[in-house]
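*Asks:* One-letter residues, chain by chain:
2 protein chains.
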Amino acid sequence: MAEFGDADRQAPLRVGVAGLGNVGATLVRILQKDGAELTRKLGRQLEVVAVAARSRSRDRGIDISGLEWFDDPVALAKWDGIDLFVELIGGEDGPAFAAVKAALEIGRPVVTANKALLAKHGVTLARLAEESGAQLGFEAAVAGGIPVIKTLREGLGTARIAKVFGIMNGTCNYILTRMGNEGISFADCLKDAQALGYAEADPTFDVEGFDTAHKLSILSTLCFGYEIAPDKMRVEGISNITQHDIQVAADLGYKIKLLGIAERTDDGIEQRVHPTFVPKGSAIAGVDGVMNAVALETDHVHELLLAGPGAGGPPTASSVLSDILDIARGTRVPPLGVPSDELLPYREAPHRPHEGGFYIRLSAKDVAGALAAIATRMGEKSISIDSVIQRSDLSAKAVAPDGSPTRTVVMITQQTLESSVREALAQIAADGFIVGEPQLIRIEKL
Amino acid sequence: MAEFGDADRQAPLRVGVAGLGNVGATLVRILQKDGAELTRKLGRQLEVVAVAARSRSRDRGIDISGLEWFDDPVALAKWDGIDLFVELIGGEDGPAFAAVKAALEIGRPVVTANKALLAKHGVTLARLAEESGAQLGFEAAVAGGIPVIKTLREGLGTARIAKVFGIMNGTCNYILTRMGNEGISFADCLKDAQALGYAEADPTFDVEGFDTAHKLSILSTLCFGYEIAPDKMRVEGISNITQHDIQVAADLGYKIKLLGIAERTDDGIEQRVHPTFVPKGSAIAGVDGVMNAVALETDHVHELLLAGPGAGGPPTASSVLSDILDIARGTRVPPLGVPSDELLPYREAPHRPHEGGFYIRLSAKDVAGALAAIATRMGEKSISIDSVIQRSDLSAKAVAPDGSPTRTVVMITQQTLESSVREALAQIAADGFIVGEPQLIRIEKL
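Same order as they appear, the protein sequences are chains A and B.
Each step along the first sequence adds one to the number in this note's numbering, with nothing skipped, and position 56 is 122.
Each step along the second sequence adds one to the number in this note's numbering, with nothing skipped, and position 125 is 191.
Please keep in mind that the hints were generated in silico from the structure rather than gathered at the bench.
Note that the coordinates shown come from a computational prediction; the quantities given were computed from them, not determined experimentally.
Warning: the hint list may mix true and false statements.
Because identical chains share one entry, a pair is satisfied inside a single copy or across any pair of copies.
Claimed, not checked - Below, a list of computed lysine-lysine pairs in the DSSO-like style, where the Cα atoms sit at most 27 Å apart:
{"#": "1", "residue 1": "Lys99", "residue 2": "Lys229"}
{"#": "2", "residue 1": "Lys447", "residue 2": "Lys346"}
{"#": "3", "residue 1": "Lys346", "residue 2": "Lys511"}
{"#": "4", "residue 1": "Lys298", "residue 2": "Lys511"}
{"#": "5", "residue 1": "Lys144", "residue 2": "Lys167"}
Make a model of the complete structure from these sequences and hints.
*Replies:* As C-alpha cells, then:
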C-alpha cells in the first residue's frame with residue numbers, strides 16, 4: 067500500500083471544471099481558498115487549472131484570470147492539462163453527456179452533480195468508466211450535501227437493503243412546510259419559492275415529482291443492483307395538495323411530505339413518487355424547509371436516516387469536493403456499487419396492497435343518500451373505512467355545475483390496493499355523487 | 067491506479083477476530099455467510115481465518131471449528147497468518163490495548179469498535195498506525211450502525227464544522243422515550259431496559275453520561291482537529307429526570323434527550339453531556355427508543371443529521387465490516403482525519419451564556435413570600451424569567467424536613483450563563499425557601 071507522502075502523491079491533482087453556475091463558482095472558490103487545508107488533508111496538492119462555461123466575462127465573484135479557458139466543455143474534458151474533470155453543466159444530454167463521455171473514454175476520472183444525466187445514461191457511463199479504469203463520482207447528484215451515495219457504496223458492509231425512501235426535492239419540501247406552518251395556498255408558496263430562488267420559473271420538473279423520480283432511480287440502483295429505470299414508476303407531484311389536506315393531516319397526527327420510495331419485493335422492485343402522510347413524531351417528519359432526507363431500511367441496520375441540505379452552492383460543492391478527494395486518494399469502487407455488467411435488468415413489481423391505507427378527499431353533492439352511496443361503492447371493493455370526516459369548519463361549501471351544493475368529505479381507509487380505491491372512486495364519479503377530481507394520498511406508517 | 071481484478075488484489079484478505087461476543091459472533095457469521103457477495107463487491111476474497119476469545123467451548127451459534135484458535139489476543143494480533151486484526155474485546159486498557167498496539171506496531175491494519183480504548187489511547191494508536199503505515203478503522207466505536215466516522219473523515223470536503231451534537235447512548239434514549247410515552251418512572255424504565263438487555267447490571271456508565279462523553283470526545287477530535295479529551299467536559303446523566311420534567315417539557319413543546327454537544331468557539335472547544343430540552347418538531351426529537359443520531363453543523367452544509375441504530379450485533383458488525391472493506395480496497399485516510407502530529411493541544415473554552423435558556427424545577431416551601439424571594443434572587447443575577455409554572459395537577463405536595471408543606475415550581479429562563487443560574491440557586495437554597503436539590507436542564511433551539 068502507498069504511504070502518505072509517497073513521491074507519486076506529490077504531483078498536484080489538476081482539476082478542470084465545466085459549468086460555472088452557483089455550484090461551479092463555489093467549487094472554484096473553495097479550491098482556491100482552502101488549498102492549504104486540502105493539501106494537509108490529502109497529502110497532495112489540489113488545483114483548479116481550467117474552466118469552461120457559456121460566458122467568459124460574467125461576474126461570478128471568483129477570479130478565473132489565471133485559469134485556462136475553454137468555450138467547449140468537450141475540449142476541456144479531453145485536454146491533457148487536467149487529471150480530473152468536473153461536470154456541472156446540467157441536462158441529460160447535450161454538452162454534459164458529450165463531455166463526461168469524452169473524459170471517461172480516455173480514462174480520465176469524472177465528478178458530476180447531474181442527476182438527469184445519471185438517471186438516463188448512468189449505466190452507459192459506469193460501463194465506460196470501468197472499461198477505461200476511470201472513477202466516476204456523483205455524490206452531489208442526489209440530495210446535494212448529504213453523503214448518501216458514499217454511504218450506499220461504502221458504508222453498509224453487506225447489509226441488504228429492503229427499502230429506500232426520502233424527501234429529495236427541496237422546492238417541494240419548502241412549499242409543503244410553509245403550507246403547513248402558515249396556512250397559505252400552494253400557489254402562494256410557489257410564488258414565494260420562485261422569488262427566493264428555491265423554484266424555477268417553470269417549476270413543473272420539481273413540483274410534479276420528476277426531479278425526485280430521477281434521484282430515486284439512482285438510489286434504487288445502488289440499493290438493489292438493478293439497472294437504472296427512471297421511467298418505471300408512478301410519479302405524482304404536490305400541485306393538487308390543498309390546505310384542507312394539510313389540515314386534516316395535522317388533525318390526524320400527520321404531515322404531508324413528497325416522498326420517493328423504492329422497495330425490493332420478491333417479484334421485483336417497486337418505485338413510486340407521491341405526496342405521503344407521515345406520522346408527526348417520526349424523524350422524517352421533522353425534516354422541514356429546503357432540507358432533504360434519505361432513509362434506508364436494511365436487514366442489519368434497522369433504519370438509517372440521513373438528513374441535510376438538498377441543494378445550494380456550498381453543500382453541493384462540498385459533496386463534489388468529497389468525490390474529488392476520494393479520487394485523489396485513490397479510492398476505487400464501481401460507480402453503481404457493483405460492476406455494471408452485474409446489474410440485473412429492471413423488474414417492476416406487481417401492485418400490492420398498501421399497508422398504511424389511504425386518505426381520500428371528495429367534493430360530494432350535498433344530497434340525501436350521497437354518503438351512503440359512496441360508502442356502498444367502497445364496500446363493494448372490500449375497502450374498509452377507518453374514519454369519515456366532514457368537519458364544518460373545513461367543508462368548503464361550493465356549488466356543483468348543476469347548481470346543487472357540495473361538501474368536502476374525507477375518508478381514511480385501512481390497508482387496501484390502490485387500484486381498488488381508484489376503481490371505487492371511478493364508480494362513485496359515474497354515480498354522479500361527486501364533483502371534480504378526488505384527492506388520494508398514501509399514509510405511511512414509517 | 068490499480069484496476070479491479072489486478073493480480074495483487076486476488077490474494078484473499080485474511081481476517082483475525084479477537085472477542086466473540088454479540089458483535090464478534092455476528093461478524094464471523096456474516097464473513098462466512100456472505101463471502102460470495104463480499105468477493106463480488108470487492109473483487110477480492112475476504113476470509114476469517116482465526117479467532118481469540120475467553121472460552122473456546124461456548125456456543126455462539128457459529129462454526130469456529132475450521133478457524134485457528136488463540137487464547138491470547140496479542141498472539142493473534144501478531145500472528146503472520148492474518149492480514150487484518152479486528153478487536154472486539156472492549157475495555158480501555160488490558161488485552162484490547164495490548165493487542166491493537168501489537169498489530170499496529172508491525173504495520174498490520176486494525177478495525178475496532180472500542181470507544182473507551184479510542185477515547186483514552188486514540189492519539190497514541192493513530193500515531194502508531196501512521197508510523198507503521200497501517201490503517202486503523204473505528205466506525206463502530208461511535209453510534210454503532212451510523213457511518214458518522216466515514217462521513218467526518220471523507221464525506222464533507224473542506225466544510226468547517228462548527229458544532230457536533232447527538233444522541234449517542236441507546237440505553238438513555240430508550241429510557242427517556244419510554245418515560246415520555248408511558249408516564250413511568252426512571253427506575254421502572256431502567257429495570258425494563260435491564261430485563262431486555264438494553265442496559266447493563268451496573269448501568270452507571272451509560273445512564274450517568276460517561277459512555278456518551280467517550281463517543282463525543284472522539285467525534286470532537288475528528289471535527290475540530292484537537293487531541294482527544296474525554297475528561298475535559300461537564301457530564302451529567304439522566305438519573306435525576308422525573309416525570310414532572312418530562313411532562314412540563316411536553317407541555318412546552320419539547321422532549322428531553324441526553325445530548326453530547328461539542329462546539330468550536332474562538333477561545334477553544336466546549337464539550338458537554340447533559341439532558342436537554344429539544345423542540346418536538348425537530349428531526350432529532352423524532353429519534354426515539356434505542357436509536358442514535360449525530361448532527362453536524364458546518365459552514366457549507368448547514369446541518370447534517372445521521373440517525374440509526376446505535377448498538378446491537380448486526381448494525382455494529384456492519385460498521386466493522388465497512389471498515390474492513392475500506393482497508394481491503396486500499397482506502398487511506400489518517401485515522402483521526404488529519405495526521406496525528408498536526409492535532410492541536412486541547413483548549414477548553416471558557417463558559418458562555420447559553421442561548422436557549424434553562425428549565426429549572428424547585429421544590430419550594432409553600433409559605434408566603436417564597437416565590438417573590440426566589441424571583442428576587444434570579445433578578446439579582448440578571449436572569450430573565452420567561453415563565454413560571456405551578457400546575458396543580460403536577461405540584462407534588464410534599465413536606466419539608468421542618469414540617470412545612472412544599473410545592474413544585476418550574477421556571478423557564480431566557481439566555482443566561484449557567485454559572486449565574488447556579489449561583490442564584492445556591493443563594494435561594496441558603497435563604498431556606500427550597501427543599502432538596504433543584505433540577506436544571508438546558509433548552510436547545512436546534
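*Asks:* Are the hints correct? Go through all of them and say.
*Replies:* Against the structure, the hints come out as follows:
1. Taking the shortest alpha-carbon separations for lysine 99 and lysine 229, only the inter-copy value of 22 Å comes in at or below 27 Å, while the best intra-copy value is 40 Å.
2. Neither within a single protomer nor between protomers do lysine 447 and lysine 346 lie at most 27 Å apart by alpha-carbon distance, with minima of 30 Å and 39 Å respectively.
3. In this assembly of identical chains, the alpha carbons of lysine 346 and lysine 511 lie at most 27 Å apart whether taken from the same copy (11 Å) or from different copies (19 Å).
4. Only within a single protomer do lysine 298 and lysine 511 lie at most 27 Å apart by alpha-carbon distance; the minimum there is 24 Å, versus 42 Å between protomers.
5. Within a single copy, lysine 144 and lysine 167 get their C-alpha atoms as close as 10 Å, which meets the 27 Å cut-off; across copies the closest is 48 Å, which misses it.
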